[in-house]
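Protein chains in written order, with the working numbering: chain W, 110 to 518; chain Y, 395 to 732; chain F, 124 to 415.
These are calculated hints, taken from the structure and not from any lab test. Using N, Cα and C, we set each Cβ at its ideal position, and we do this for glycine too. Be aware that one or more of the hints could be misleading.
[As the list claims (entries may be wrong)] Have a look at the derived ranges for each label pair, beta carbon to beta carbon:
id: 1; chain 1: W; residue 1: VAL318; chain 2: Y; residue 2: PHE543; range: 17 to 27 Å
id: 2; chain 1: W; residue 1: ASP411; chain 2: F; residue 2: SER250; range: 36 to 46 Å
id: 3; chain 1: W; residue 1: ALA313; chain 2: Y; residue 2: PHE563; range: 51 to 61 Å
id: 4; chain 1: W; residue 1: LYS256; chain 2: Y; residue 2: MET492; range: 24 to 34 Å
id: 5; chain 1: F; residue 1: SER307; chain 2: Y; residue 2: ASN590; range: 35 to 45 Å
id: 6; chain 1: Y; residue 1: ILE608; chain 2: F; residue 2: LYS207; range: 26 to 36 Å
id: 7; chain 1: F; residue 1: LEU278; chain 2: Y; residue 2: PHE543; range: 43 to 53 Å
id: 8; chain 1: Y; residue 1: PHE709; chain 2: F; residue 2: GLN175; range: 25 to 35 Å
id: 9; chain 1: F; residue 1: PHE127; chain 2: Y; residue 2: ALA587; range: 48 to 58 Å
id: 10; chain 1: W; residue 1: TYR388; chain 2: F; residue 2: ILE235; range: 40 to 50 Å
id: 11; chain 1: W; residue 1: THR142; chain 2: Y; residue 2: LEU565; range: 39 to 49 Å
id: 12; chain 1: F; residue 1: LYS207; chain 2: W; residue 2: GLU181; range: 50 to 60 Å
id: 13; chain 1: F; residue 1: VAL400; chain 2: W; residue 2: THR142; range: 57 to 67 Å
id: 14; chain 1: W; residue 1: SER213; chain 2: Y; residue 2: PHE563; range: 27 to 37 Å
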Amino acid sequence: MLVTHMRLGAFSAALALLAASSSGALAQKKYDTGASDTEIKIGNIMPYSGPASAYGVIGKTEEAYFKKINAEGGINGRKINFVSYDDAYSPPKTVEQARKLVESDEVLIVFNPLGTPPNTAIQKYMNSKKVPQLFVATGATKWNDPKDFPWTMGWQPNYQSETQIYAKYILKHKPDAKIGILYQNDDYGKDYLKGFKDGLGAKAASMIVVEESYEVSQPTIDSHIVKLKSSGADVFMNITTPKFAAQAIKKNAEIGWKPLHFLNNVSASIGSVIKPAGYEASQDIISSAYLKDPTDKQWEKDAGMIAWNQFLDKYYPEANRADASVMYAYTVAQGLVHVLKACGDDLTRANIMKQAASIKDLELGGLLPGVKVNTSATDFAPISQVQLMKFKGETWELFGEILTGDVGG
Amino acid sequence: MSAAEEVVTEAPAIEAVPKRAMTLGLGTSLVVLAALAIAPLFVKNFIIFQMTMLLIYALAVLALNILTGGSGQFSLGQSAFYAVGAYTSAILMEHFGMNYALTLPIAGVICFAFGFVFGQPALRLSGVYLALATFALAVAMPQLLKLGFFEHWTGGVQGLVVTKPDAPFGLPMSQDMWLYYFTLVIAIGIYIASINLLRSRSGRAFMAIRDNEIAASAMGVDVALYKTLAFGVSAGITGVAGGLGAIAVQFVAPDGYTITLAISLFLGMVVGGVGWLPGSIVGSAFIIFVPNIAEGISKGLSGAVFGVLLFLVIFLVPHGARQVAMVAQQMLGKLKKN
Amino acid sequence: MELFTNQVLAGIATGAIYACMALAVVMIFQAIDHLNFAQGEMAMFSTFISWQLMQWGLPYWWAFLATLIISFVGGIAIERLLFKPLAKAPILTNVAGFIALFAIVNSVAGLIWDFTIKQYPSPFGSSPFLGSQLISTHQAGMIGVTILLLIALYLFFQFTRIGLAMRAAASLPESARLVGINTSWMIALGWGMASAIGAIAGILIAPVVFLEPNMMGGVLIYGFAAAVLGGLSSPLGAVIGGFLVGIFENLAGTYIPGVGNELKLPIALALIITVLVVKPAGLLGRPIVKRV
Numbered sequence: 110m111l112v113t114h115m116r117l118g119a120f121s122a123a124l125a126l127l128a129a130s131s132s133g134a135l136a137q138k139k140y141d142t143g144a145s146d147t148e149i150k151i152g153n154i155m156p157y158s159g160p161a162s163a164y165g166v167i168g169k170t171e172e173a174y175f176k177k178i179n180a181e182g183g184i185n186g187r188k189i190n191f192v193s194y195d196d197a198y199s200p201p202k203t204v205e206q207a208r209k210l211v212e213s214d215e216v217l218i219v220f221n222p223l224g225t226p227p228n229t230a231i232q233k234y235m236n237s238k239k240v241p242q243l244f245v246a247t248g249a250t251k252w253n254d255p256k257d258f259p260w261t262m263g264w265q266p267n268y269q270s271e272t273q274i275y276a277k278y279i280l281k282h283k284p285d286a287k288i289g290i291l292y293q294n295d296d297y298g299k300d301y302l303k304g305f306k307d308g309l310g311a312k313a314a315s316m317i318v319v320e321e322s323y324e325v326s327q328p329t330i331d332s333h334i335v336k337l338k339s340s341g342a343d344v345f346m347n348i349t350t351p352k353f354a355a356q357a358i359k360k361n362a363e364i365g366w367k368p369l370h371f372l373n374n375v376s377a378s379i380g381s382v383i384k385p386a387g388y389e390a391s392q393d394i395i396s397s398a399y400l401k402d403p404t405d406k407q408w409e410k411d412a413g414m415i416a417w418n419q420f421l422d423k424y425y426p427e428a429n430r431a432d433a434s435v436m437y438a439y440t441v442a443q444g445l446v447h448v449l450k451a452c453g454d455d456l457t458r459a460n461i462m463k464q465a466a467s468i469k470d471l472e473l474g475g476l477l478p479g480v481k482v483n484t485s486a487t488d489f490a491p492i493s494q495v496q497l498m499k500f501k502g503e504t505w506e507l508f509g510e511i512l513t514g515d516v517g518g
Numbered sequence: 395m396s397a398a399e400e401v402v403t404e405a406p407a408i409e410a411v412p413k414r415a416m417t418l419g420l421g422t423s424l425v426v427l428a429a430l431a432i433a434p435l436f437v438k439n440f441i442i443f444q445m446t447m448l449l450i451y452a453l454a455v456l457a458l459n460i461l462t463g464g465s466g467q468f469s470l471g472q473s474a475f476y477a478v479g480a481y482t483s484a485i486l487m488e489h490f491g492m493n494y495a496l497t498l499p500i501a502g503v504i505c506f507a508f509g510f511v512f513g514q515p516a517l518r519l520s521g522v523y524l525a526l527a528t529f530a531l532a533v534a535m536p537q538l539l540k541l542g543f544f545e546h547w548t549g550g551v552q553g554l555v556v557t558k559p560d561a562p563f564g565l566p567m568s569q570d571m572w573l574y575y576f577t578l579v580i581a582i583g584i585y586i587a588s589i590n591l592l593r594s595r596s597g598r599a600f601m602a603i604r605d606n607e608i609a610a611s612a613m614g615v616d617v618a619l620y621k622t623l624a625f626g627v628s629a630g631i632t633g634v635a636g637g638l639g640a641i642a643v644q645f646v647a648p649d650g651y652t653i654t655l656a657i658s659l660f661l662g663m664v665v666g667g668v669g670w671l672p673g674s675i676v677g678s679a680f681i682i683f684v685p686n687i688a689e690g691i692s693k694g695l696s697g698a699v700f701g702v703l704l705f706l707v708i709f710l711v712p713h714g715a716r717q718v719a720m721v722a723q724q725m726l727g728k729l730k731k732n
Numbered sequence: 124m125e126l127f128t129n130q131v132l133a134g135i136a137t138g139a140i141y142a143c144m145a146l147a148v149v150m151i152f153q154a155i156d157h158l159n160f161a162q163g164e165m166a167m168f169s170t171f172i173s174w175q176l177m178q179w180g181l182p183y184w185w186a187f188l189a190t191l192i193i194s195f196v197g198g199i200a201i202e203r204l205l206f207k208p209l210a211k212a213p214i215l216t217n218v219a220g221f222i223a224l225f226a227i228v229n230s231v232a233g234l235i236w237d238f239t240i241k242q243y244p245s246p247f248g249s250s251p252f253l254g255s256q257l258i259s260t261h262q263a264g265m266i267g268v269t270i271l272l273l274i275a276l277y278l279f280f281q282f283t284r285i286g287l288a289m290r291a292a293a294s295l296p297e298s299a300r301l302v303g304i305n306t307s308w309m310i311a312l313g314w315g316m317a318s319a320i321g322a323i324a325g326i327l328i329a330p331v332v333f334l335e336p337n338m339m340g341g342v343l344i345y346g347f348a349a350a351v352l353g354g355l356s357s358p359l360g361a362v363i364g365g366f367l368v369g370i371f372e373n374l375a376g377t378y379i380p381g382v383g384n385e386l387k388l389p390i391a392l393a394l395i396i397t398v399l400v401v402k403p404a405g406l407l408g409r410p411i412v413k414r415v
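So that you can see chain W by itself, here it is in the shape it has in the complex:
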């Protein structure tokens, strides 16, 4: 594993060199639809309305960030024109909006569209049109598939690799565990679940004593927790979104169930999950992260965090800083700006994909120290490193090494 990873690293470094030299040689300006001497048109699709409207804040933060970039002179003198549409998290609407962006607004790329079903709905279309579907906002594993979908690229660590890391931790530190799982019954929950079972391997069947799923439409998950407790499980794999995660943590404390509690990264925010659920009830929960948690006091004096706060003060003052999506959006927007800068004057769609696939050890202010963005022609999973952490007092304590858990698509 280590060897192949190093080889890939060397390969991507070579590719980056090649890209750098070739873009230097072709200094003349080249544009595809959506780019010009003055403007780069970026499309985006977000659920501003409907059941997933909580994520709309991602689009708003990105818009604010591009405003900042434009105010500071743009990218190589070009202003970003950010066109963001609402799909209400409904795949048919996503198709309509993606086509509107590509055919009517004529954007250069579609950046960071949110959700696994919406992205799946447009993936084939985007690839047949050869328009980049760049840094999609979902942790599904299937976005890392450059062979079949060379115009689609993921961004964050994928769900499966995260739960594999927990599984390996359990195998090592608690091999006789009796595991209870609670997961959300949708693509996100099932992906996490699969990673977890794969990570446990042959022992999955004997170790997992109970699996419970819930629907987002359920008001509470209390009865699932009751059932998990009565199963006698001593390890709890908690694959839930923020509201349900907070409910689970609180209910655990109320009914006095104290398993070794693994919480997925989706709900690891102190401000929007742990604090509402209660610090006392959250002690010793294990999770993992790749982003800094803005509500965690340990980053108060961190340079990246200070820059983030300054950006929000000036361009998005009404943002809720406890919302993990704000940090996420800031980081991915920085990633895009990095790629666009690297493109220089060659703003063709092909070059954007090429540059996006040639990121080498990029460090961004919002990422944990040591977590770096890396891509190559065969690795379309930009961030694949996370670090484990345990909740102590009022803050997450990072422990262990930076872990890599690439799962192929």
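Got chain W sorted already, so can you dock chains Y and F onto it with the hints?
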């Protein structure tokens, strides 16, 4: 609680629409048809796609209109029939390699059967109770589609990607344009058939039930049969629309067929005018374009803007597009007299 | 057996949530003879108002009282401004109005208070109730408040002039007008009371499910189901319906092998529909006889 049973002379929930008022005049129909036939030649593929979706949702609204406007039964569960139609087409195309055009009648028949069966228990329910039963169906459908048991065929939570058909016989037109005309022909066919259905013996039976169920049964109308039949027909048409939707969108997933879709279709019917079949396309335009307008006005408040626009429409024309058409007709009549 | 009692107890605890909401549903049904789809959102908005008041430093009970008054007035205002003009419009148009109201309230709440969850305090605390870890003092308190509310509503509708007038106005508007009842204001009053009861429901539910703009979406489905199961004309039926749905759902999820867990809600709904097919007016509802 009081022991005495309440006796109510209840006004029918759906007002009586005479059957002639349910359609458009021949002249107007031809103008609309000509506009629908010619428009795609002048617009971008993306607009053609939107127009295809317009026709598809119009079919689904029409189906609801037959059920509610025709037979007086209220449904918030149309998304379930739409989903079954969409999945039927998608599964037949992707797993069995069937031609897309052949999947549609199958989707229609399966949905007809589904609607007919669902209509049986629904027979005993009316008003809010029927609303809840159909609502329950709409809520349950995405969960059924996700069920591990069917995952092999449905693709579970991941959904199924569908291949878009090319124009046949080497016709020189884009996939979008072909699909548009294909949809248009089906939509016209179903529209004409629906009008004829409502004018037929069955249609009169539907309307008799809508206006007064007890009187209808006293006159010898088989209430149970016709009520379930209305459910079946409505579900069948919705299923065809769903199948077309799956082909046009090239993707089916549980998230596409939630209760939101059922509510949208319901709004489409109200905006178009309950019981007025041509209004279906107006209602469909409302549910496709008004969210886009709302979003254009404000991203953060798109939901609120949509709500305000909806209120405006129902304040101005509580009877929907039908009211506009009727006013226009009266004004035309006056002009002619002068 | 222990699992069974546990699930029943947990079902009663969640059932209390549904029962609370179902009461508000019945209240509006008594007033307008229809279901209000925006009711959950109105309750959510009221809860946010009380939360905001507490953030501004008001003590719990003052915030509670202020919210009740604001909600009551707000409910009346909504009826006067938005639904009175629709009084002559078809019922289905009114339903579209409820959906529009739903969209507006949800979206405005999202803009003002955003979508991150907020902790909401409970006046009853959350320690185990009578030694049982399955029902917390908050949930016990919630059941208590629901029952108190139920008794108050029963007395109101059975024994006060206004209560009787409201019932008359909802079920026989024409006759009610003839005997001198101002039916239009009775409807507005109904909206006000439903909104205030919704506020109580929201304030009781929020400590369990956490406060956020979408918190009532699921609750309302169950509230409707509970109210319909119990009989829309009967507050007692609604409360019983709420507890039954809570227990139903848990037992289905626990004991039906294979699909039970994944299909808890559909199974619960199917059961309710079955009950309705047998007893179309709900468990305690009065059958309505139509005159031709």
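Each hint tested on the structure:
no. : hint                                 : verdict
1   : VAL318(W) with PHE543(Y): 17 to 27 Å : holds (22 Å)
2   : ASP411(W) with SER250(F): 36 to 46 Å : holds (39 Å)
3   : ALA313(W) with PHE563(Y): 51 to 61 Å : holds (53 Å)
4   : LYS256(W) with MET492(Y): 24 to 34 Å : holds (29 Å)
5   : SER307(F) with ASN590(Y): 35 to 45 Å : holds (44 Å)
6   : ILE608(Y) with LYS207(F): 26 to 36 Å : holds (32 Å)
7   : LEU278(F) with PHE543(Y): 43 to 53 Å : holds (50 Å)
8   : PHE709(Y) with GLN175(F): 25 to 35 Å : holds (30 Å)
9   : PHE127(F) with ALA587(Y): 48 to 58 Å : holds (54 Å)
10  : TYR388(W) with ILE235(F): 40 to 50 Å : violated (27 Å)
11  : THR142(W) with LEU565(Y): 39 to 49 Å : violated (27 Å)
12  : LYS207(F) with GLU181(W): 50 to 60 Å : holds (54 Å)
13  : VAL400(F) with THR142(W): 57 to 67 Å : holds (58 Å)
14  : SER213(W) with PHE563(Y): 27 to 37 Å : holds (30 Å)
Of the numbered hints given earlier, the model fails hints 10 and 11; all others are met.
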